[in-house]
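Visitor: Residue numbers (our numbering), protein chains in the order written: chain A, 1 to 334; chain B, 1001 to 1362.
Quick caveat, the hints were computed from the structure, so don't treat them as lab data.
Incorrect hints may appear among the rest.
Listed next, the stretches of chain A that the computed footprint assigns to chain B, with coverage defined by at least 3 CB atoms under 8 Å from CB atoms of chain B [what the hints assert, rightly or not]:
hint, region
1, 37-46
2, 123-135
3, 223-231
4, 245-254
5, 313-327
All residues carry an ideal CB built from backbone N, CA and C; glycine is no exception.
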Amino acid sequence: MMRSLENELKECARKLLTEKKVDLIIGYSKSPLPLRSTPCFIREEKDVDSLIFDLTCSNNLATYLQKSKCAEHRKPNTDPTVRMENRCKIGIIAKACDARSIVQLILEKQVKKEDITVIGIACTGILDLKKVSDRLNGKEILNYNPQDDEVLFEGKDFKKALKLSDILCDSCKTCLNPDPSVYDSFIGEPVSGAKTEKQEPMTELENLSFGERWEYFEHEISKCIRCYACRNACPLCYCEECVVDRTNPQWFGKSTEFSDTFTFHITRMLDTAGRCVGCGACIRACPTHVDLAPLGIKIEKEIKERFGYTAGLSLDATPPMATFNEDDKEEFIM
Amino acid sequence: MAAFKIKKKRLKELIDSLTKEYRVFIPVESDGVSSFKEVTSDSHLPTINSHNTDRPPKEIFFPQTETLFTYKEGKISPPEQPNTKYRTPNTDKIAIFGASPCDVKSFSLLDRLFGMERNVAKCSGYKDAYWINRRTNALIFTIGCNYPLSTCFCNWLNGGPFTKEGSDLLLTDIGEDFLVEPCSQNGEEFIKTKGLPIQKAAKVDIKRASTVRKEAESTLSEPVDITSLKEGLDTLWDNPVWNEIAYKCLSCAACSYLCPTCYCFDIQDERAGNARGKRIRVWDSCMFSLFTKEASGHNPRPSSKERMRQRIMHKFNYFVENLGDFGCVGCGRCIRSCPVNMDIREVINTIKNVKLTISNEK
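Isolated chain A (complex conformation) (with noise of 0.2 Å):
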């Protein structure tokens, strides 16, 4: 099944290139590391077949749309017969939550819609590799399989068929909007309506007590090593010089002192606050396996509460952080 599916995709990839419709592609190819793919950027229909599309398949790939990263691949072909305006038209691959943060980018005004043309996906789940390595006792893996609803795992000296559901990433596995919510092209079959294990958002930050909750940010945070893996590979964290980059004035260490890593990751959450998609790139992105997911799901749920709003459901909606309502709740001002 996963096969015909990357067949519709390089077939739509490549008329979409041979059409003259979009100039790049961005999607995912194979890598070297049997559980990872790569992004790629296709420009040639040759080059085509390297696309493929399975349960390893994890980077949110719009953050490749924007400004700041990979600016030599959105300069526009240089062949003026091939586009007449000096912009990119870029083609990129988009799951459920890659769709919701290009919808995000272009509510706020990061790309413009025409530029992009959206290659939806059906997707159900991506592997989350700390959830595999746990599992198999830190076990290097040279081979995967996926069976239905389990996924075989092969190494030098072992073969272990684990539960799917037991090894997808927390932000799939509760996914509650799994079809892109804006496509140009469709692959595949909607999921929405496949028999897959569906469950509210947990929202175990709620039930802790103030101090648990303290131990929980301390716990998290001072793993943090501070590469901005998780800033960096997420789609929304676009802005030309991150506040933790400021030089004039300086308003971050640059030690892993927690006060200023726990300053940096609060802001981050905070900056994100009704724009953040789940998407869990953060998560994926960070070597040391920083987890603050519950909080975002929290802040999402806050978000909701307050604004009726859910990120990047709606190329129409409009951002509540972008707009004031008399009705807003206020009741937290003194």
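Given chain A, put chain B in place with the hints provided.
Guide: Structure of chain B alone, referenced to chain A:
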């Protein structure tokens, strides 16, 4: 040199005896990340994975943050000792138990840079008191890698899962025991310590170790020849290949902060109120847009292309030029930790191919 062996069950005794004279660091796993932590009274045994840890032991000698001094109303004082993670930079001797051969090689490489006397052909001429103070008299117990990972490529860089460069003692896992081979004068002397839970190794132990090593070496993929990589890079400064390599890079520092040989740092003053504060030395990364940005606002490395070129050039060209070896030990951490799966082995191959194309054209 004579070989010894130690029962795995008795490792704790060995580590306990080390703690009398040394601050001992061992690999420990917490929250799915393995790194080196100091042995404290309540800490447990080392986590021995037969391959390298997620975080390299570099931070033991070169911590992410180093307080150089504190200042208060015009007066400068040395850093307050007990508050920092790696206290007492110049008193206690350090022992590392269970480092991988690649990481131990990285100590030798950084020794050349930070000015330890090690009889090497090339060194920086600079002497770094912080590195030297911690490194002097440090005792390194290396554990060879019975199971190198698929991301390991130490064999491209004159290394291997059991190389001894930089080690004082090399341990090989041979089942119930570790074969222990002293490989430096310090190691020889340590082994003479009275009351160690070790015994002389028998011929059969040495034979078993040799089998284990051969097996481990055979699992590594065929090395790519990089002897002329430095010369190749000399010609590639302006080559468009850097765009091709850099386009997917997100400019985070996962690769360089987890690299055993990356050593770039920044010096910062952290004010704590009026006329008070401290000066710190803190890791920096060439992947950051802020790296080498000048006070005027000019940035000589404005995009990921220039920064990626810097990283590759530094490791495979400048390091060779200045310190006589590649600034990479093939540990594979950058491959494992990259959020977009950049693979430095592919980068090397891409560069080699560009060079080939160019020389063919000529």
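Visitor: So, for every hint listed, does it hold in this structure?
Guide: Results of checking the hints against the structure:
| no. | hint | verdict |
| --- | --- | --- |
| 1 | 37-46 | holds (count 5) |
| 2 | 123-135 | holds (count 3) |
| 3 | 223-231 | holds (count 7) |
| 4 | 245-254 | holds (count 4) |
| 5 | 313-327 | violated (count 0) |
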